[in-house]
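Visitor: Okay, here's what each chain looks like letter by letter:
Protein chains: 2
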Amino acid sequence: MNGAQSLIRTLVDAGVDVCFANPGTSEMHFVAALDSVPEMRGVLGLFEGVVTGAADGYARIAGKPAATLLHLGPGLGNGLANLHNARRAHTPVVNVVGDHATHHKKYDAPLESDILAVAGSLQGWVRESHSTADVGADAAAAVAASMDPPGRVATLILPADVSWGDGGTAVAPIPPRKPHAVAPGKVQAVAEVLRSGEPVAVLIGGAACREAGLRAVSRITAATGAKAFIETFPARLERGAGLPTIERLGYLAEQATYQLSGIKHLIVAGTKSPVSFFAYPGKPSDLVPEGAQVHTLAELDHDVVGALEALADEVAAGVEPVLQEARRPELPSGPLTAQNWVEVIGALLPENAIISDETNTSGVLLPNATAGAPRHDVLTLTGGAIGQGLPVATGAAVAAPDRPVIALQADGSALYTISALWTHARENLDVTTVILNNSAYAILRMELQRVGAESSGPKANALLDLSKPDMDFAKIAEGMGVPATRATTAEELAEQFRAAQAEPGPHLIDAVVPPLL
Amino acid sequence: MNGAQSLIRTLVDAGVDVCFANPGTSEMHFVAALDSVPEMRGVLGLFEGVVTGAADGYARIAGKPAATLLHLGPGLGNGLANLHNARRAHTPVVNVVGDHATHHKKYDAPLESDILAVAGSLQGWVRESHSTADVGADAAAAVAASMDPPGRVATLILPADVSWGDGGTAVAPIPPRKPHAVAPGKVQAVAEVLRSGEPVAVLIGGAACREAGLRAVSRITAATGAKAFIETFPARLERGAGLPTIERLGYLAEQATYQLSGIKHLIVAGTKSPVSFFAYPGKPSDLVPEGAQVHTLAELDHDVVGALEALADEVAAGVEPVLQEARRPELPSGPLTAQNWVEVIGALLPENAIISDETNTSGVLLPNATAGAPRHDVLTLTGGAIGQGLPVATGAAVAAPDRPVIALQADGSALYTISALWTHARENLDVTTVILNNSAYAILRMELQRVGAESSGPKANALLDLSKPDMDFAKIAEGMGVPATRATTAEELAEQFRAAQAEPGPHLIDAVVPPLL
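Chains as they are written, first to last, in UniProt numbering: chain A, 1 to 517; chain B, 1 to 517.
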């Protein structure tokens with residue numbers, strides 16, 4: 001078998017059987033090899049940001065990595081923003097980046113570039129395959145590295161001649177390392193903090209944001225009176241009726257400061273001590289209240305859920321978690337607002353849904369409206385690099401073909417990776433996209449004030465305005481093969497959302513919503 | 001003045017008065033400062049690949065850099081592919097990349113990433129401004145570095161607090177360095193080669209692809225019988241009636257090998273010795289015929305035109321260049337084909353046009369059809385990173401508002417940076433986009449065969465197919481505010497192209513063309 005065949009065979013044997021691809025000439029042997037390994041599914045994206053974001057969304061739901069196939073340095077560059085988000089989500093991703101044949105690199109042909117430098121910026125795992133005989137072992141190492149707790153982006157650079165050369169062998173999977181157990185005594189030490197009588201908050205992230213972790217935290221808060229918060233942008237948050245509802249820490253430093261005010265101890269598990277998303281003149285970056293002490297129960301690569309369960313058993317033996325009752329908002333009426341569109345979603349969210357949430361300012365009121373909806377997963381913008389929502393929805397839908405995926409997507413952010421819609425159509429994915437079309441970079445209007453910029457004259461405001469011309473996302477979606485409608489009232493949104501849910505496959509609703517501010 | 005104001009003032013004083021921008025929170029003081037320096041024009045792009053490609057197109061026509069404004073590492077990543085093309089075009093570009101405040105970086109906030117590594121991969125000029133007092137000098141240095149022959153990408157990283165801090169000063173421009181003169185005796189030595197009686201070809205690139213260089217080369221070939229070729233992907237090529245017509249070296253190694261067959265000497269000026277775009281199993285990467293000698297008349301940072309003119313005076317004193325006669329194809333009729341669509345363009349190309357050519361396979365026959373059309377500029381895909389054509393057209397139109405811009409754009413490539421159309425509408429740019437919609441990555445179908453891939457089964461072919469679903473670019477364009485039509489016959493294309501030319505402002509024609517192969 002050639003190098004490409006050994007690569008794909010090794011990936012499949014390690015459980016990596018989906019490849020989101022945007023190939024070029026240097027990847028043609030990989031493409032040809034897909035037909036010789038029937039277990040590998042190739043999913044075409046028309047832009048690398050779609051490919052990498054889809055791989056992120058896929059792994060958040062599947063619990064194992066997908067591969068990507070990217071064309072040299074520029075292809076990796078186009079995929080970099082969503083790989084940044086994957087890095088921040090600790091998502092396992094296996095990038096395969098094609099490169100020029102090894103003997104061709106010295107000629108500095110037009111597409112030659114410093115792939116190692118760009119891949120290295122992701123601070124994950126990077127290796128170049130130097131010979132066909134090595135490809136299988138390199139691929140097995142890449143998968144294991146991607147799954148090494150807490151998960152990371154692994155990038156394998158595959159020169160064309162290494163791919164087309166003969167002498168490849170499939171290599172057996174390397175079992176991924178288990179998360180570390182927390183140090184002996186750590187749970188007891190943190191339990192002492194909870195018993196101290198002083199105000200305590202617990203901040204959780206990563207794996208703790210799913211059922212087992214949430215139940216453990218709810219037991220802890222019920223027994224001790226501590227507050228609990230979820231990190232601002234969890235990779236995957238389970239929520240809805242029957243699960244504990246735990247508030248997320250706010251995006252705005254002002255919100256988070258308010259939420260944490262008065263605490264003397266912050267117990268952190270599966271995330272980092274909270275910091276401001278951006279710096280602002282004269283405001284602190286560290287969001288831990290002055291004088292409060294931070295206690296790390298479990299680092300990201302620890303068995304976070306196990307630690308929380310042990311802590312719950314220590315301080316809350318026999319105490320049950322507090323579970324969210326089923327409740328939905330009433331269906332609202334009238335012109336769409338930042339308030340009522342979330343009520344429509346809360347009222348109509350289907351069972352077992354996956355929400356890809358990149359609503360930015362428009363979604364501020366979403367968590368409350370959906371808290372008592374049927375149980376669902378929420379995938380958020382972990383790294384702040386906008387243009388993630390539609391690709392993540394793509395990958396989630398590939399990972400869970402039996403679950404409805406709801407992409408709630410701000411208009412400005414949607415444009416970065418809009419061709420994800422074509423892949424929704426191509427693969428007939430059950431994704432309902434709702435564009436929150438407020439014709440503005442509304443979050444930047446807010447930020448322009450928050451950073452204390454002296455003026456906001458007409459030229460500054462023009463750079464934050466998307467209304468000249470207004471975009472018609474229904475037309476854009478139809479142009480890419482996705483059936484689409486436009487909603488300007490709550491009734492229209494409800495009717496169109498119901499219709500989209502009633503018919504499997506992709507739909508888009510262009511919801512014209514005024515800016516929150 | 002604050003750092004942002006000193007930056008913009010310094011840029012404007014150095015002649016950099018257009019900024020293509022896709023800002024975020026860390027760039028809000030730059031955005032606010034635009035209103036305090038009225039000479040700076042801010043042009044919003046909805047994706048960073050549009051911003052960087054526009055800066056490339058702008059500078060190719062304006063002969064001076066534009067600035068870009070990009071949001072931290074992910075924004076630079078999104079812009080990287082078109083910066084790669086700019087690097088290969090030796091286009092001067094001044095990137096301003098916002099970063100977290102210096103005191104915020106240690107907190108590793110979600111958008112923190114290794115900007116230096118990504119910027120460094122462009123192998124141009126990179127500097128981080130460390131204090132507000134330095135910003136003016138850093139900006140002046142960035143502009144000078146970008147213009148240093150033959151031109152490069154300069155990236156200035158601007159932390160938010162350096163931008164918002166007080167104590168900035170505008171700094172006077174640094175005069176850019178002039179190109180080196182070629183070494184004494186070099187012209188005479190090359191003249192001897194031309195007089196040797198052996199078969200010679202001259203290969204030119206860079207600045208030599210404009211009128212003065214073309215005339216000099218035409219005199220040389222007329223006097224000596226040498227062949228002449230233009231590099232495969234020139235950044236800016238002047239051509240049409242009244243100028244010498246010089247053939248471009250083919251993209252396919254087979255073509256280039258045929259063009260250069262039989263020569264004993266290759267004289268190179270303003271470009272590099274030719275190499276294959278990609279490597280292919282068993283085929284050479286170096287396109288210089290075996291046994292032929294390469295003579296470099298002028299490196300890229302030399303006075304290439306001066307050297308060619310001196311060489312022409314040496315070997316072709318009194319000889320006039322051979323100028324292209326005006327001639328246009330007849331207007332064709334019938335269903336669109338790869339043959340007849342180029343005849344429509346050749347027949348109807350307006351005076352003084354700028355063509356942004358990313359037609360890939362569909363445009364193989366374009367050069368002949370437009371050779372005798374009115375004089376025009378052609379901007380090509382210099383670095384092979386697709387998704388350049390619509391952004392380059394954007395920048396060219398901003399640089400030359402009095403010239404019609406024609407974006408001839410392959411369908412697959414268009415999707416990478418499709419939101420450039422919104423900027424065409426926003427700025428009311430006189431850009432007529434013709435999408436060559438063949439519903440395939442047709443070039444990859446060809447490459448799949450050329451690389452000698454063993455199979456091309458259904459899964460491989462599916463990854464090169466854009467027909468399920470077919471895209472409707474007219475709807476996509478209308479969704480972004482650009483009036484659009486669809487053409488399936490030569491008559492429709494002619495009628496729609498004429499109508500687009502008759503009305504200033506952006507238009508798009510979705511031309512449904514069968515694949516060439």
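Accuracy of the hints is not assured; some may be wrong.
Unchecked claim - Below, a list of computed lysine to aspartate or glutamate pairs in the DMTMM-like style, where the Cα atoms sit at most 20 Å apart:
id, chain 1, residue 1, chain 2, residue 2
1, A, K283, B, E39
2, A, K283, B, E290
3, B, K468, A, E427
4, A, K106, B, D17
5, B, K272, A, E309
6, A, K106, B, E238
7, A, K227, A, E128
8, B, K105, A, D286
9, B, K272, B, D148
10, A, K105, B, E427
11, B, K106, A, E290
12, B, K106, A, E112
13, A, K106, A, E128
14, B, K283, A, E492
15, B, K459, A, D17
16, A, K283, B, D114
17, A, K272, B, D286
18, A, K459, B, E290
19, B, K283, A, D17
20, B, K459, A, E299
21, B, K459, A, E290
22, A, K459, B, E299
23, B, K283, A, E427
24, A, K106, B, E299
25, B, K106, A, D17
26, A, K272, B, E427
27, A, K459, B, D470
28, B, K459, A, D108
29, A, K468, B, E427
30, B, K272, A, E427
31, A, K459, B, E112
Claimed, not checked - In silico negatives: residues of chain B with every beta carbon more than 10 Å from chain A:
id, residue
32, T25
33, E247
34, L249
35, A326
Keep in mind the hints are simulated off the structure, nothing from the lab.
Note that the coordinates shown come from a computational prediction; the quantities given were computed from them, not determined experimentally.
We treat Cβ as the ideally placed atom computed from N, Cα and C, and that holds for glycine.
Visitor: Given the hint that K283 (chain B) pairs with E427 (chain A), test it: the Cα-Cα distance must not exceed 20 Å.
Guide: violated, 38 Å
Visitor: Just checking, E247 (chain B) versus chain A, shortest CB gap more than 10 Å?
Guide: holds, 19 Å
Visitor: Decide if the proposed pair is consistent with the structure: K272 (chain B) and E309 (chain A), CA atoms, cutoff 20 Å inclusive.
Guide: violated, 65 Å
Visitor: Does the structure keep K272 (chain A) and E427 (chain B) at a Cα separation of 20 Å or less?
Guide: Violated. K272 (chain A) to E427 (chain B) sits at ~44 Å, over the 20 Å cutoff.
Visitor: Going straight from one Cα to the other, do K105 (chain B) and D286 (chain A) come out at no more than 20 Å?
Guide: holds, 11 Å
Visitor: Just to be careful, I want the Cα atoms of K468 (chain A) and E427 (chain B) compared with a cutoff of 20 Å; is the pair within it?
Guide: Holds: K468 (chain A) and E427 (chain B) sit about 9 Å apart, inside 20 Å.
Visitor: Given the hinted pair K272 (chain B) and D148 (chain B), is their Cα-Cα distance within 20 Å?
Guide: Measuring from Cα to Cα gives roughly 18 Å; hence the hint holds.
Visitor: Regarding the assertion that A326 (chain B) does not contact chain A, is the least Cβ-Cβ distance greater than 10 Å?
Guide: holds, 33 Å
Visitor: When you check the alpha-carbon spacing of K459 (chain A) and E290 (chain B), does it fall within 20 Å?
Guide: violated, 59 Å
Visitor: Going by Cβ atoms, does T25 (chain B) stay more than 10 Å from chain A at every point?
Guide: Given that some Cβ of chain A is not farther than 10 Å from that of T25 (chain B), nearest at about 4 Å, it is violated.
Visitor: Quick one, are K459 (chain B) and D17 (chain A) close enough, alpha carbons at most 20 Å?
Guide: Measuring from Cα to Cα gives roughly 14 Å; hence the hint holds.
Visitor: Between the alpha carbons of K283 (chain B) and E492 (chain A), is the straight-line distance 20 Å or under?
Guide: violated, 61 Å
In the structure shown, a violation is registered for the earlier hints numbered 1, 2, 4, 5, 6, 7, 10, 12, 14, 16, 17, 18, 19, 20, 21, 22, 23, 25, 26, 27, 28, 30, 31 and 32, in ascending order.
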